[in-house]
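Taken in sequence, the protein lines are chains L and Y. Going by this note's numbering, the first residue of the first sequence is number 130, and it counts up by one from there. Going by this note's numbering, the first residue of the second sequence is number 130, and it counts up by one from there.
Treat each hint with caution, since some may be false.
All copies of an identical chain are treated as equivalent in the list; a pair is satisfied when it fits inside any one copy or across any two copies.
[Stated by the list, open to error] Straight-line distance between alpha carbons at most 25 Å, and here's what the computed SDA-like set of lysine to any residue pairs gives:
| # | residue 1 | residue 2 |
| --- | --- | --- |
| 1 | Lys363 | Asn274 |
| 2 | Lys546 | Phe525 |
| 3 | Lys480 | Ala609 |
| 4 | Lys537 | Arg604 |
| 5 | Lys615 | Glu586 |
| 6 | Lys625 | Gln553 |
| 7 | Lys589 | Leu608 |
| 8 | Lys363 | Trp342 |
| 9 | Lys615 | Gln582 |
| 10 | Lys294 | Gly275 |
| 11 | Lys148 | Gly565 |
| 12 | Lys270 | Asn337 |
| 13 | Lys498 | Asp238 |
| 14 | Lys473 | Ala609 |
| 15 | Lys535 | Leu608 |
| 16 | Lys473 | Gln606 |
Please keep in mind that the hints were generated in silico from the structure rather than gathered at the bench.
Number of protein chains: 2
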Amino acid sequence: MKSQFSVYNSLTKKKEVFKPLIADRVGMYVCGPTVYSNAHLGNCRTFTSFDLIYRYLTHLNYKVRYVRNITDVGHLENEEDMTGEDKIAKKARLEQIEPMEIVQRYTLDFKNVMSMLNNHPPSIEPTATGHIIEQIEMVQKILDNGYAYERNGSVYFKTVQFAEKHDEYGQLSGKKIEDLRQETRDLKAQSEKDHPADFAIWMKAHENHIMRWDSPWSVGFPGWHLECSAMSTKYLGERFDIHGGGMDLQFPHHENEIAQNVSCCETSPASYWMHTNMLTFEGVKMSKSLNNSILPEELFTGNNHLLSQAYSPMTLRFFFLRSHYRSICDFSDKGLQDAEKNYKNMMSALKAVQELEYIGKEKVNDEDKVINDLLDQCFIHLDDDLNTPRVLATLFELVAKINAFKNKQLKINHISKATLERMQTTFKIVLQDILGLLPEEENSDAVLDNVLQVLIEMRKTARANKDWAASDLIRDQLLAAGIQLKDGADGTSWSKL
Amino acid sequence: MKSQFSVYNSLTKKKEVFKPLIADRVGMYVCGPTVYSNAHLGNCRTFTSFDLIYRYLTHLNYKVRYVRNITDVGHLENEEDMTGEDKIAKKARLEQIEPMEIVQRYTLDFKNVMSMLNNHPPSIEPTATGHIIEQIEMVQKILDNGYAYERNGSVYFKTVQFAEKHDEYGQLSGKKIEDLRQETRDLKAQSEKDHPADFAIWMKAHENHIMRWDSPWSVGFPGWHLECSAMSTKYLGERFDIHGGGMDLQFPHHENEIAQNVSCCETSPASYWMHTNMLTFEGVKMSKSLNNSILPEELFTGNNHLLSQAYSPMTLRFFFLRSHYRSICDFSDKGLQDAEKNYKNMMSALKAVQELEYIGKEKVNDEDKVINDLLDQCFIHLDDDLNTPRVLATLFELVAKINAFKNKQLKINHISKATLERMQTTFKIVLQDILGLLPEEENSDAVLDNVLQVLIEMRKTARANKDWAASDLIRDQLLAAGIQLKDGADGTSWSKL
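The shape of chain L in the complex, shown without the other chains:
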């Protein structure tokens, strides 16, 4: 009953058994965030999905080099417009601060959110500005190989010519060469490019552009698509295993990345392309203009008009995992409430399963097979392109069993000792190590409140019995213990001194 890990390959549009280029090692490149604004929920979903993949590959005993870049150069707002400003530089000038100060602020915010979601830091986290030389070298190679041309200090990639010679073009995005050919020059008469589908791999900097570096063609900056080609090649080699990112990056970003790699290194970079789907709120795409977007921080504080309460980072992680990474993840307040409840039930079961004790002599019956099958299914669903909704459903079947064992509705000696131990180990591995769901800090104040209610009730009884001495004693002793009681119309409340 051993299944094999398979992933859906966006390049071939089918599920394939995962086979790395080098046995036991995996190279994975994920397009990281652009750090000119706060991390958004889409980032969180994408990077939580790849964290899951990283965790599962690690569980499968692969040594994974996980590279996720930081885009700190910013993209042109309008590639056609040579005066278009790099987004980071624009904000910098408005705020009168150095672009790298903005980069620092939002990089810190991003890493903080990733850490709250219990996402592992990648093995290497390279920045675009940190790899300008590598990008210039790649532009030069593409020029040398005849797939780019220089025009007024900028360098453009010859998309149509590339597409005519290489089957690779359009494979990922479905973009057809006929469509490229039909785009006429007239529409973009103002552009210095030979063809509308050509894209910049080096841009001459407008005089107001702050971020700029010297190059053989001009003082300028690299085209956006180039950084990932250069950094994945530097840290993972010309060919590696997995390239991932959000679905919206398939075109033009990833399509152009493949074109750059093929024309520079004569090979498509990655064996498997994996893409995460988008987020909606009650069926509508989240966007600032529709006023239905939620920042991670707003979710964690409840400070957003769409939310009735705060949700913890672990609730958010659980919520993400309820959808398959290739499906749309639809947010709603109700859905988050459900996730919170289910997450808590799961954590209670995690505690309960560890506390189960084997009692009595083994009298193994069918239950033993049922449990083992459920445990097997967790991995079968993980192997099946990381089908987390099914993993969670299976875990909930196990939760029901765990609770039944706990409440003695099922007898523990109807499964073998080995099965109990397997259940204890596996439930924890799947939940914590692979899905990355951790128990949240126990709120000591909740327990404290429970205990204080016992004393408040005692004091109430004493007062009802007009035993003022007992009532005062409780109040005074609590005061000494650091707790102030306050009697009000709604009963007695407490506060710490």
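Once you have looked at the hints, place chain Y on chain L.
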């Protein structure tokens, strides 16, 4: 009684009134860590000291751009030895991992320790590998200006020639030009350098050297001293206000930085040079070989043979502040214990001062002036080159006053209402905002334990009275509240369910 902020300038060897180049703005560059091993206590002390300076400048309403680099290239182990390996690359090959994986691991460790110590992240945290182009440009300018020569693909700085023309050389470190001249070629006959005092600003990479970039002279890597010159110039300009680092960096690092800047930009980079002193353990310099070094993590866990217990990050911060940043900071278990006790007293006073209430009609006497003088003195000592031992001593005089007010040994109406308010505000600003000492998480379990002891006592009384019903009720209600009582030989203990 208004004092002015003065700092000791290592360059002029005297205390000077601080005056920034641009009113209201300060540019500060601090040499950051080399990330090929764990952050050490020396790092912690240096960066906590500059965090204090950053906080105080901010308190004085300066807008500070604080740049602290990350050295991720590694230094040559032996500059004379052309086959010498870059430290990071060496470890990488031993561990069979990519140098940038090591960089990532130790950068994360470093940032984590900084955060635990409540050190603000700098405004910009540039990496050496992220600024190779800027370094190559600086090498070219130094060559163009005649202060360097190329030899077999490496570029060396002409130290003697520079020193002969520029008073700047030796000013910081006290290195004399006569000493340079007396160093003979014979001693270093194997070197390709013209003079032993010359230093590499670009190194041709040995074929085994992993970290390498193309340049006009060779495929190689920048000399260590160059990165700080290039990055401070990029983010703070050719002249800025404060340049800081550990005292051990004065020579050769900072001396050579000045030489590079002067020969490239015709100006010494910084107005004020500030250096932190070193650490000892019971009077002996800390070092791995003497087996008397302590890692921050060991200090926080108590897991080191030199320590009798764990000390919190805030205790460590307090401990650092007890010494002036220009004095040796001598560690000992006893000293840390004292710091812990004093830190806690300080935090209790912080709480107590906020709780003081003004009672009675103002009958202001001499006490009012005493308090105001103490509050003034905090800032006078801060203005005096950040004399934190004196600031703490002054705060402890205030702590005595606060406790006397709290215990009614002093009458609150002997100071004015305004003075009470000033004391409440200022005590907090100095302690929390400027010294960066935060109250540590209140241990809710301590309060919970207090409250439970009340119930455990009640139950004990009930049992002594053979009121088993009352005794069981307490036990059962606590069980429902999530607390398990256990009766043992040493009395009753409790645990959370």
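Going down the list of hints, with the structure as the test:
no., hint, verdict
1, Lys363 <-> Asn274, "within (19 Å within a copy, 34 Å between copies)"
2, Lys546 <-> Phe525, "within (21 Å within a copy, 62 Å between copies)"
3, Lys480 <-> Ala609, "between (34 Å within a copy, 17 Å between copies)"
4, Lys537 <-> Arg604, "between (41 Å within a copy, 23 Å between copies)"
5, Lys615 <-> Glu586, "both (13 Å within a copy, 23 Å between copies)"
6, Lys625 <-> Gln553, "between (38 Å within a copy, 21 Å between copies)"
7, Lys589 <-> Leu608, "both (17 Å within a copy, 20 Å between copies)"
8, Lys363 <-> Trp342, "both (20 Å within a copy, 12 Å between copies)"
9, Lys615 <-> Gln582, "both (13 Å within a copy, 21 Å between copies)"
10, Lys294 <-> Gly275, "within (12 Å within a copy, 51 Å between copies)"
11, Lys148 <-> Gly565, "within (24 Å within a copy, 52 Å between copies)"
12, Lys270 <-> Asn337, "between (29 Å within a copy, 24 Å between copies)"
13, Lys498 <-> Asp238, "neither (47 Å within a copy, 45 Å between copies)"
14, Lys473 <-> Ala609, "between (35 Å within a copy, 18 Å between copies)"
15, Lys535 <-> Leu608, "between (39 Å within a copy, 17 Å between copies)"
16, Lys473 <-> Gln606, "between (35 Å within a copy, 23 Å between copies)"
Taken one by one, the earlier hints fail for this structure only at number 13.
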